[in-house]
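Asks: Residue numbers (the working numbering), protein chains in the order written: chain A, 4 to 474; chain B, 2 to 186.
Chain B side only, calculated, beta carbon under 10 angstroms to chain A, not exhaustive:
{"#": "1", "residue": "R17"}
{"#": "2", "residue": "T22"}
{"#": "3", "residue": "D23"}
{"#": "4", "residue": "L31"}
{"#": "5", "residue": "T33"}
{"#": "6", "residue": "L47"}
{"#": "7", "residue": "E70"}
{"#": "8", "residue": "S77"}
{"#": "9", "residue": "K108"}
{"#": "10", "residue": "L173"}
Quick caveat, the hints were computed from the structure, so don't treat them as lab data. These numbers come from a predicted model, not from an experiment. A virtual CB, placed ideally from N, CA and C, is assigned to each residue, including glycine.
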Amino acid sequence: MTPRTLYQKIWDDHVVTRREDGTCLLYIDRHLVHEVTSPQAFAGLRAAGRRVRRPDLTLAVPDHNLPTTARTDAAGRPLPIADSASAAQLAALEANVADFGIPYIPAIAPEQGIVHVVGPEQGFTLPGTTLVCGDSHTAAHGALGALAFGIGTSEVEHVLATQCLWLRPARTLEVRVEGTLGHGVAPKDVILAIIARLGAGGGAGQVIEYRGDTFASMSIEGRLTVANMSIEAGARSGLFAPDETTFDYLKGRPRAPKAEAWDQAVAGWRTLATDPSAAFDASVRLAATDIAPAVTWGTSPDQVVPITGHVPDPEATPDPEAARAALAYMGLAPGTALRDVAVEHIFIGSCTNSRIEDLRAAAQVVRGRRIAPGIKQALVVPGSGLVKRAAEAEGLDRLFIEAGFEWREPGCSMCLAMNPDKVPPGERCASTSNRNFAGRQGPGARTHLLSPAMAAAAAIAGRLADARDFA
Amino acid sequence: MSGVTRIAGTACPLGRANIDTDAIIAAEHLKTTAREGLGVHALAALRAEAGSPLADPRYAGAPILIAGENFGCGSSREHAAWALADAGFRAVIAPSFADIFASNAFKNGIVTVALSPAAVARLMAIAAEGPLTIDLDTMTVTTPFQDRFAFTLDPFRRESLITGLDEIALTLREEAAIAAFEAAR
Numbered sequence: 004m005t006p007r008t009l010y011q012k013i014w015d016d017h018v019v020t021r022r023e024d025g026t027c028l029l030y031i032d033r034h035l036v037h038e039v040t041s042p043q044a045f046a047g048l049r050a051a052g053r054r055v056r057r058p059d060l061t062l063a064v065p066d067h068n069l070p071t072t073a074r075t076d077a078a079g080r081p082l083p084i085a086d087s088a089s090a091a092q093l094a095a096l097e098a099n100v101a102d103f104g105i106p107y108i109p110a111i112a113p114e115q116g117i118v119h120v121v122g123p124e125q126g127f128t129l130p131g132t133t134l135v136c137g138d139s140h141t142a143a144h145g146a147l148g149a150l151a152f153g154i155g156t157s158e159v160e161h162v163l164a165t166q167c168l169w170l171r172p173a174r175t176l177e178v179r180v181e182g183t184l185g186h187g188v189a190p191k192d193v194i195l196a197i198i199a200r201l202g203a204g205g206g207a208g209q210v211i212e213y214r215g216d217t218f219a220s221m222s223i224e225g226r227l228t229v230a231n232m233s234i235e236a237g238a239r240s241g242l243f244a245p246d247e248t249t250f251d252y253l254k255g256r257p258r259a260p261k262a263e264a265w266d267q268a269v270a271g272w273r274t275l276a277t278d279p280s281a282a283f284d285a286s287v288r289l290a291a292t293d294i295a296p297a298v299t300w301g302t303s304p305d306q307v308v309p310i311t312g313h314v315p316d317p318e319a320t321p322d323p324e325a326a327r328a329a330l331a332y333m334g335l336a337p338g339t340a341l342r343d344v345a346v347e348h349i350f351i352g353s354c355t356n357s358r359i360e361d362l363r364a365a366a367q368v369v370r371g372r373r374i375a376p377g378i379k380q381a382l383v384v385p386g387s388g389l390v391k392r393a394a395e396a397e398g399l400d401r402l403f404i405e406a407g408f409e410w411r412e413p414g415c416s417m418c419l420a421m422n423p424d425k426v427p428p429g430e431r432c433a434s435t436s437n438r439n440f441a442g443r444q445g446p447g448a449r450t451h452l453l454s455p456a457m458a459a460a461a462a463i464a465g466r467l468a469d470a471r472d473f474a
Numbered sequence: 002m003s004g005v006t007r008i009a010g011t012a013c014p015l016g017r018a019n020i021d022t023d024a025i026i027a028a029e030h031l032k033t034t035a036r037e038g039l040g041v042h043a044l045a046a047l048r049a050e051a052g053s054p055l056a057d058p059r060y061a062g063a064p065i066l067i068a069g070e071n072f073g074c075g076s077s078r079e080h081a082a083w084a085l086a087d088a089g090f091r092a093v094i095a096p097s098f099a100d101i102f103a104s105n106a107f108k109n110g111i112v113t114v115a116l117s118p119a120a121v122a123r124l125m126a127i128a129a130e131g132p133l134t135i136d137l138d139t140m141t142v143t144t145p146f147q148d149r150f151a152f153t154l155d156p157f158r159r160e161s162l163i164t165g166l167d168e169i170a171l172t173l174r175e176e177a178a179i180a181a182f183e184a185a186r
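Put together the whole structure using the sequences plus the hints.
Replies: And the structure:
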């Protein structure tokens, strides 16, 4: 048999039919649904008199526009959402899951959280599966060896109705990182370095497979951070071959296989690795020792420099016009040291960096310290209720609160400015989220992407800072 | 959806690489349960910039948008395609497109035409001087100045655009194959 990559194996396992033009009908094993990109899909089903083919393979949870303030009153009763449009969208999701019989995690459930935190945490995400969600950061689930990608609402409707999608195979891109990461270098720094190398569109039309010993020794939380931002390099999916770390993470999760079914599943998952002689369409290599704690300076996630660096001269960048526009938006002058850039807002959260390891890394920096006087708001938003409770059991919430942070309820929060957590115009945020686009955190908001430890360091310093100085 | 074979009209020369879907429509406007009415928010921040071609009367009502590479990167929000369609755009010409946006655009009858950077630069330069024609039968973009640029489209997407196919109906005709696939697992 022709040697195949991990991607090709998962693809081949899911082809229902193949057209002469090469387009395949691909079976979808798992479908995550949230409140923002689904209402029009359910409306389409109703208009055409169609049903949901496999509610049992579908899981819904609200996350994007939920406020991250208290969700229940002292008696445990749900509190209303003040924003009427957000409230209507949540009500629509609740009506849709009830009408179509879809498993649902309500806003006030202990398991509620960001879809991309909930899926792995519940064992809904499994190696070798195809998984979709109406959200581009679905790429995150590739950390567990699932072929996972974001889809639009028409595709959400298509999957609800048919449990399939028409797709053409992508090209394969190997991203290999070898070596031991330096002290204070986080998975976020690794993916920012990869995005800088590939460019914001460099992975378009491709599926990335992350390989090399740097990733082999990385936790699932770290791999989720890396796979999550594959889309920021233009790749719809990023994959890690499942290994013992994956199996250890998944074993005992509520929706993972149990007993004999577990053993059978693991035996199958072990066969998923890319064959030794399989060829990738393209390959990129980085040395772990070349990767430093990083921060973005512009309005595209590939505009990255080490924290010890300076804002570049636009004329020295590949696209001077874009760099000039970015610096104008960001209010930065060429040559400025990143460590001289004052920030007013800190956001630790999002589907990229809101898991327990992320919170531990940030807590380690803030322990026994106070946020700087110039910080107007510092948020820690756990990725799920389970992450929140785990962090509280370790006392991390106390460390954050004593340092001056707000400890919030799970959700997408300040990542995307569609709930009350926003950055005001012209103000600057050190953010562990995934996008520094103009207006992403609010109209006129200025975003610097960085790791949880670096965000914590910025909170203490009142300016962008090197987390290694706070060890 | 009705089919499309030919789009002719003014092209708005927006340019700029990496126009993301947050720039096409801000998240604030995603709190809707409808597909309609999003056109007023399309590319709003870019439109508000001084000298924006989006606000230039010469390009008012243009059915074609010309942009830089990696158009539509970022979020999977189909609201971006809905907003562009509602604002009257039937096609976008750019050197490259983000995958999810290209898929969403095609499902809403918006043609994404990828041309070489040089061809896109040429079309940007002459946009003010006459209409463009995008023909899905001949797979070409032509100008009043005898330019003729060939492009390619995924055959399935091309056929779907031309026939205005209901993709879900097509898939439901594969019910036996889907059921057989499920039974074999």
